[in-house]
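Trainee: Chain by chain, the residues run as shown.
Number of protein chains: 2
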Amino acid sequence: MAAAAPGSELDPECRAAARPLLTDLYQATMALGYWRAGRAREVAEFELFFRRCPFGGAFTLAAGLRDCVRFLRTFRLRDADVQFLASVLPPDTEPAFFEHLRALDCSEVPLLQVSGPLLVVQLLETPLLCLVSYASLVATNAARLRLIAGPKKRLLEMGLRRAQGPDGGLTASTYSYLGGFDATSNVLAGQLRGVPVAGTLAHSFVTSFAGTEVPPDPMLAPATGEGPRVDLTVQVEVWLERVCTHLGLGVQEPHRGERAAFVAYALAFPRAFQGLLDSYCVQRSGLPNFLAVALALGTLGYRASGVRLDSGDLLQQAQEVRGVLRATAAQFQVPWLESIPIAVSNNIDEEELARLAQEDSEVDVIGIGTSLVTCPQQPSLGCVYKLVAVGGQPRMKLTEDAEKLTLPGAKAAFRLLSSDGSLLLDLLQLAEEPPPQAGRELKVWPKGAQELMTVRPARVEPLLQLWVQQGQLCEPLPSLAKSRTLVQQSLSRLSPAHRWLESPELCQVALSEQLQALVDRLKAECPA
Amino acid sequence: MAAAAPGSELDPECRAAARPLLTDLYQATMALGYWRAGRAREVAEFELFFRRCPFGGAFTLAAGLRDCVRFLRTFRLRDADVQFLASVLPPDTEPAFFEHLRALDCSEVPLLQVSGPLLVVQLLETPLLCLVSYASLVATNAARLRLIAGPKKRLLEMGLRRAQGPDGGLTASTYSYLGGFDATSNVLAGQLRGVPVAGTLAHSFVTSFAGTEVPPDPMLAPATGEGPRVDLTVQVEVWLERVCTHLGLGVQEPHRGERAAFVAYALAFPRAFQGLLDSYCVQRSGLPNFLAVALALGTLGYRASGVRLDSGDLLQQAQEVRGVLRATAAQFQVPWLESIPIAVSNNIDEEELARLAQEDSEVDVIGIGTSLVTCPQQPSLGCVYKLVAVGGQPRMKLTEDAEKLTLPGAKAAFRLLSSDGSLLLDLLQLAEEPPPQAGRELKVWPKGAQELMTVRPARVEPLLQLWVQQGQLCEPLPSLAKSRTLVQQSLSRLSPAHRWLESPELCQVALSEQLQALVDRLKAECPA
Chain S
0 MAAAAPGSEL DPECRAAARP LLTDLYQATM ALGYWRAGRA REVAEFELFF RRCPFGGAFT
60 LAAGLRDCVR FLRTFRLRDA DVQFLASVLP PDTEPAFFEH LRALDCSEVP LLQVSGPLLV
120 VQLLETPLLC LVSYASLVAT NAARLRLIAG PKKRLLEMGL RRAQGPDGGL TASTYSYLGG
180 FDATSNVLAG QLRGVPVAGT LAHSFVTSFA GTEVPPDPML APATGEGPRV DLTVQVEVWL
240 ERVCTHLGLG VQEPHRGERA AFVAYALAFP RAFQGLLDSY CVQRSGLPNF LAVALALGTL
300 GYRASGVRLD SGDLLQQAQE VRGVLRATAA QFQVPWLESI PIAVSNNIDE EELARLAQED
360 SEVDVIGIGT SLVTCPQQPS LGCVYKLVAV GGQPRMKLTE DAEKLTLPGA KAAFRLLSSD
420 GSLLLDLLQL AEEPPPQAGR ELKVWPKGAQ ELMTVRPARV EPLLQLWVQQ GQLCEPLPSL
480 AKSRTLVQQS LSRLSPAHRW LESPELCQVA LSEQLQALVD RLKAECPA
Chain G
0 MAAAAPGSEL DPECRAAARP LLTDLYQATM ALGYWRAGRA REVAEFELFF RRCPFGGAFT
60 LAAGLRDCVR FLRTFRLRDA DVQFLASVLP PDTEPAFFEH LRALDCSEVP LLQVSGPLLV
120 VQLLETPLLC LVSYASLVAT NAARLRLIAG PKKRLLEMGL RRAQGPDGGL TASTYSYLGG
180 FDATSNVLAG QLRGVPVAGT LAHSFVTSFA GTEVPPDPML APATGEGPRV DLTVQVEVWL
240 ERVCTHLGLG VQEPHRGERA AFVAYALAFP RAFQGLLDSY CVQRSGLPNF LAVALALGTL
300 GYRASGVRLD SGDLLQQAQE VRGVLRATAA QFQVPWLESI PIAVSNNIDE EELARLAQED
360 SEVDVIGIGT SLVTCPQQPS LGCVYKLVAV GGQPRMKLTE DAEKLTLPGA KAAFRLLSSD
420 GSLLLDLLQL AEEPPPQAGR ELKVWPKGAQ ELMTVRPARV EPLLQLWVQQ GQLCEPLPSL
480 AKSRTLVQQS LSRLSPAHRW LESPELCQVA LSEQLQALVD RLKAECPA
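Protein chains in written order, with numbering that gives the first Met the number 0: chain S, 0 to 527; chain G, 0 to 527.
Calculated directly from the structure, the hints in this document are not laboratory data. Just so you know, not all the hints are guaranteed correct.
Just so you know, same-sequence chains aren't split out, so a pair can sit in one copy or run between any two.
[To be verified] SDA-like, lysine to any residue: derived pairs with alpha carbons at most 20 Å apart:
id : residue 1 : residue 2
1  : K403      : D348
2  : K152      : S491
3  : K152      : R354
4  : K522      : G37
5  : K522      : Q282
6  : K151      : A480
My request is simple: use the sequences and hints to build the entire structure.
Mentor: Pasting the structure below:
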């Protein structure tokens with residue numbers, strides 16, 4: 000499981016909503032059931048997993064570990080929580096049960112195979128699912144979008160306003176970065192999680208200017224700090240005439256208010272001036288206004304940091320804008336102008352991203368909101384949390400839905416690799432079995448197959464790591480940036496066919512002989 | 000806009016994540032731009048709206064007012080927030096700008112046409128969108144599901160584990176209730192928002208029992224409290240034999256562990272015993288075990304509160320289970336047994352819900368998670384927040400995307416009704432125009448039409464209400480339960496054709512002559 004660490008200090012309020020009562024009521028009713036049955040302290044094992052990779056792909060980034068760790072380490076029912084539970088449980092519930100709840104903590108619980116007193120680990124089901132499921136989904140979505148965009152495009156997450164409330168937005172920003180995005184527009188994710196933040200200006204800034212406003216101080220010093228201050232508004236009008244002549248436009252055509260907005264923004268951010276080109280008309284207003292301001296800044300030694308397009312055919316407009324930038328750079332002998340970044344946004348999904356990332360595209364920066372954070376192709380991952388053993392005895396859910404069968408027993412998991420580093424299969428076995436040995440042949444049951452298969456792994460990697468034991472972190476969690484690097488390394492080790500976004504080759508999962516035998520035995524024992 | 004109020008005391012931590020820095024970075028960069036341009040205190044008007052009703056329907060519940068009000072009333076940048084902004088804005092930013100930020104509050108801002116100092120109302124864009132957009136989407140989704148289910152089925156929201164983190168889950172539970180659901184599984188939504196909570200037991204509870212466990216106290220007193228305590232485990236075995244004979248099953252067929260789990264749950268909840276029937280096999284294990292426990296409880300005067308099915312063909316199984324309940328009720332002369340509620344869950348979507356709600360269905364309670372909270376048909380509403388006036392001057396975004404045009408000027412909105420109470424149209428006009436009069440003919444421009452239309456409304460209802468002025472609530476927000484009732488009343492006033500969930504008749508929106516004239520004038524003024 001990839002883990003996210005904040006770059007800045009932890010904020011105690013940040014996950015205030017993730018607390019013991021953020022759970023389904025049946026967890027509390029079952030707690031009372033276990034307690035009355037005298038089973039509250041029996042040691043139980045749960046596993047959190049999902050059944051199918053999302054979006055029709057063959058990989059999933061498992062994310063959310065840091066949030067789970069934080070939740071577990073602070074898990075405690077407060078008086079108000081216990082009082083609320085008392086108000087929804089039967090009135091004759093024994094006070095001793097509520098005393099038991101008050102004393103609960105997770106000091107006996109490791110993650111994310113979760114093992115501990117039956118009553119406690121049952122209570123953890125809903126919050127752990129809530130913390131892992133969407134984090135993993137959105138991280139995987141981000142990784143897919145990164146695969147489509149290729150390594151060079153800059154990807155900006157900007158979905159806060161489309162997320163499920165504040166926390167959905169914070170989770171999306173954090174785990175989109177983990178999955179391979181470069182930055183977020185969400186300032187809180189920067190403050191609390193250390194995600195790089197980015198953003199410039201919106202249409203409302205542009206349209207708020209009529210062109211009649213007088214800047215309180217239009218004077219700007221050269222970038223070097225040396226030389227006299229210059230009235231930027233005057234310089235911009237000078238450049239506007241040159242630009243309009245060059246582009247064959249009337250000097251009245253570019254919108255005055257838009258130009259005033261660009262000048263105001265340039266005065267505020269001379270070293271980071273970006274033009275949002277499509278508030279009125281890109282070719283006849285946004286672009287000439289941008290060029291006039293950028294060239295005026297240029298004479299003072301500042302280089303504009305780019306342009307943004309937010310409507311229309313983004314690819315085609317980017318090509319046209321690049322053409323004008325090139326021609327203008329040549330005309331006025333300002334070579335840096337031709338290669339400034341072109342940023343685009345506006346409901347970009349996987350298909351549109353593929354278009355924008357095609358070989359001759361002039362798009363450099365891509366902002367994605369809705370289709371990243373809401374994961375419209377599949378808006379939930381379907382994680383489950385299942386009891387696999389209690390009191391040392393394996394448990395299995397046998398149901399008429401073959402899909403909903405669970406694999407019994409506390410387990411270990413290993414990735415078996417061939418000598419060239421490619422993935423042979425992932426092996427599930429019982430925790431007590433000796434781990435597979437590199438170079439040694441072993442027989443396994445591929446999931447769903449009718450017969451044993453022989454493999455000889457050149458390398459064996461354990462897939463599970465113990466993170467929390469008796470309430471303590473076993474080792475520090477990696478930083479968010481480190482986890483982000485690990486994710487890209489991990490994806491790069493998958494074969495190309497596993498990385499295909501449609502109809503990929505699925506990663507094979509196999510069961511050890513002992514685990515398969517246990518499944519068969521429990522199936523046979525079931526009377527139904 | 001419908002508003003949600005907590006039934007229980009407000010929790011200060013609950014919305015800790017909704018705070019000033021929960022915003023896109025460009026709001027902060029634009030704030031600096033406005034400030035440097037000397038425009039920070041200019042009075043600006045923004046409107047928050049969406050362009051199309053979600054899910055292909057003709058109505059949307061506008062929700063989230065309470066969260067917005069709470070956010071606005073506590074809006075203040077703390078020192079740590081200002082320091083973080085200073086770290087991501089240019090190093091030469093004037094200290095006076097940060098002083099300005101430190102002093103900001105929303106005491107000059109009413110909702111949800113938002114009017115106030117330009118810099119502040121710009122900063123509010125992202126958090127308000129974040130608080131309104133998903134709340135409205137999920138409330139609308141809940142209302143659609145309620146329309147499909149009809150008024151009698153009990154609908155339970157259980158999507159916490161599929162939501163976008165803790166806050167997504169809390170928002171989903173609150174606004175699903177607002178939209179017409181009866182209860183939630185989410186305990187925190189009960190504690191913080193007063194939503195009724197419900198839930199019984201999961202498969203893990205059932206599978207955690209092997210049947211070898213000995214209950215610490217199997218004795219149960221009669222429901223009346225009078226008479227000797229009885230060993231429930233013994234009674235259950237007696238009834239199991241009778242039930243198996245009646246159903247033609249061997250007494251060894253029903254799973255022992257499942258029966259032990261049911262007994263444990265019945266001992267904990269004798270007055271609220273529910274059987275989860277499909278951990279093993281419904282007909283040969285879950286149902287006979289349930290009947291044995293329910294009948295044993297019945298002899299003590301307790302009535303089981305129902306059964307739940309969580310896999311397979313839910314409708315067909317419900318019919319079969321009802322058949323067995325009827326036959327068993329007749330056989331053992333326990334008439335209450337035949338009509339106990341049958342609850343179902345398992346990835347229920349609109350289509351499956353329609354099946355479960357059909358006329359002869361035996362399903363009484365329907366739990367919906369994923370397809371309610373993730374809104375897979377359309378996972379975001381696409382709310383926008385647009386500048387419509389600044390310094391008293393109307394503003395309009397004119398762009399090459401006709402879809403992205405905005406309507407200029409601070410506006411008023413009215414619902415025009417005919418004498419039978421049916422909806423004629425919703426009218427948008429400039430705020431300074433006199434409101435339309437009931438009984439008076441008026442000429443309006445239906446949106447997108449080429450000519451004026453004449454209407455004579457029998458009744459006129461204002462659609463906007465002033466909630467917050469100068470930082471103060473103008474009147475108390477209605478309680479969540481009250482809002483829920485208002486929602487159902489409001490929906491019932493729409494014509495059936497407006498309530499169709501597919502290809503509905505769209506509600507007509509029209510512009511006043513003055514507003515249309517303003518649009519035309521601003522379009523003509525734009526050079527591009």
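Trainee: If a hint holds in the structure, say so; if it doesn't, say that too.
Mentor: Okay, the hints, checked on the actual structure:
no. : hint         : verdict
1   : K403 to D348 : between (32 Å within a copy, 19 Å between copies)
2   : K152 to S491 : within (17 Å within a copy, 51 Å between copies)
3   : K152 to R354 : within (13 Å within a copy, 47 Å between copies)
4   : K522 to G37  : neither (28 Å within a copy, 76 Å between copies)
5   : K522 to Q282 : between (70 Å within a copy, 17 Å between copies)
6   : K151 to A480 : within (18 Å within a copy, 52 Å between copies)
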